[in-house]
Amino acid sequence: MLKSKLMKASLVVAGLALSAAASAQVYGGASIGRSQLSDDCKGQVSCSTNATSYKLFGGYQFHPNFAVEASYSNLGKFKSSYADAASTQSTQVKTSSFELAAVANQQFTSELSGFAKLGVASVKAEGEFWGTGTAPAYMTASTTSTQPVWGLGLNYKLTKELALRAEFETRKVKFGDEKETVRNLNVGMQYHF
4 MLKSKLMKAS
14 LVVAGLALSA
24 AASAQVYGGA
34 SIGRSQLSDD
44 CKGQVSCSTN
54 ATSYKLFGGY
64 QFHPNFAVEA
74 SYSNLGKFKS
84 SYADAASTQS
94 TQVKTSSFEL
104 AAVANQQFTS
114 ELSGFAKLGV
124 ASVKAEGEFW
134 GTGTAPAYMT
144 ASTTSTQPVW
154 GLGLNYKLTK
164 ELALRAEFET
174 RKVKFGDEKE
184 TVRNLNVGMQ
194 YHF
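According to this note's numbering, the sequence shown holds residues 4 to 196 in order.
Since the hints were made in silico from the structure, they are not lab data.
Treat the hints with caution; some may be incorrect.
Unchecked claim - Pairs of lysine-lysine, BS3-like flavour, derived with a Cα cap of 25 angstroms:
1) K175 <-> K82
2) K182 <-> K80
3) K163 <-> K80
4) K127 <-> K182
5) K163 <-> K97
6) K45 <-> K175
7) K82 <-> K177
8) K97 <-> K80
9) K160 <-> K182
10) K82 <-> K45
11) K45 <-> K97
12) K177 <-> K45
13) K182 <-> K45
14) K80 <-> K45
15) K182 <-> K82
16) K127 <-> K97
17) K127 <-> K163
18) K160 <-> K97
19) K175 <-> K127
20) K177 <-> K80
21) K82 <-> K127
22) K80 <-> K127
23) K45 <-> K127
24) K175 <-> K97
Model the full structure from these sequences, guided by the hints.
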């Protein structure tokens with residue numbers, strides 16, 4: 004009797020393990036889009052708060068509704084300049100981010116699904132400063148900070164393996180004493196192996 008119960012329990016556990024392994028999928032992809040920096044550009048002669056962004060990502064979907072995802076995002080370059088009667092100043096900040104996030108998926112139709120993600124990002128801001136006039140100067144600086152990242156997106160399945168992916172993400176970027184928000188909207192492809 005005990006042997007029979009142990010055998011049945013073992014078969015149930017093995018069946019659940021095989022079912023979980025069958026639904027698990029590794030995926031990867033790339034996307035491109037636009038980033039926007041939340042800087043208000045007060046007092047600047049010129050200011051660029053929009054930039055081209057791109058992203059490389061990979062994930063492991065261990066359940067039909069849940070995955071873990073790692074990514075690298077190049078969030079673009081943001082530029083500003085200031086001038087008065089005696090001098091000019093120009094600044095350029097390049098931003099990038101390595102991220103690890105939990106992803107929750109929801110299937111809407113057989114082709115369309117949505118996802119929400121929440122994670123942590125190591126955000127790097129590299130800046131250059133040029134000044135002319137009475138005290139000409141050139142300086143560089145770099146700041147790396149750990150920030151929360153969240154996002155929302157849609158996947159549209161083109162084939163069993165290939166899907167079109169669109170997503171919106173936001174995270175903070177720290178540069179010196181300043182902390183701004185960078186939001187990006189990207190479109191790309193996702194491939195399930």
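Structure-based check of all given hints:
{"no.": "1", "hint": "K175 <-> K82", "result": "17 angstroms, holds"}
{"no.": "2", "hint": "K182 <-> K80", "result": "16 angstroms, holds"}
{"no.": "3", "hint": "K163 <-> K80", "result": "36 angstroms, violated"}
{"no.": "4", "hint": "K127 <-> K182", "result": "12 angstroms, holds"}
{"no.": "5", "hint": "K163 <-> K97", "result": "37 angstroms, violated"}
{"no.": "6", "hint": "K45 <-> K175", "result": "19 angstroms, holds"}
{"no.": "7", "hint": "K82 <-> K177", "result": "15 angstroms, holds"}
{"no.": "8", "hint": "K97 <-> K80", "result": "4 angstroms, holds"}
{"no.": "9", "hint": "K160 <-> K182", "result": "37 angstroms, violated"}
{"no.": "10", "hint": "K82 <-> K45", "result": "13 angstroms, holds"}
{"no.": "11", "hint": "K45 <-> K97", "result": "20 angstroms, holds"}
{"no.": "12", "hint": "K177 <-> K45", "result": "18 angstroms, holds"}
{"no.": "13", "hint": "K182 <-> K45", "result": "15 angstroms, holds"}
{"no.": "14", "hint": "K80 <-> K45", "result": "18 angstroms, holds"}
{"no.": "15", "hint": "K182 <-> K82", "result": "16 angstroms, holds"}
{"no.": "16", "hint": "K127 <-> K97", "result": "8 angstroms, holds"}
{"no.": "17", "hint": "K127 <-> K163", "result": "36 angstroms, violated"}
{"no.": "18", "hint": "K160 <-> K97", "result": "33 angstroms, violated"}
{"no.": "19", "hint": "K175 <-> K127", "result": "10 angstroms, holds"}
{"no.": "20", "hint": "K177 <-> K80", "result": "14 angstroms, holds"}
{"no.": "21", "hint": "K82 <-> K127", "result": "16 angstroms, holds"}
{"no.": "22", "hint": "K80 <-> K127", "result": "12 angstroms, holds"}
{"no.": "23", "hint": "K45 <-> K127", "result": "24 angstroms, holds"}
{"no.": "24", "hint": "K175 <-> K97", "result": "14 angstroms, holds"}
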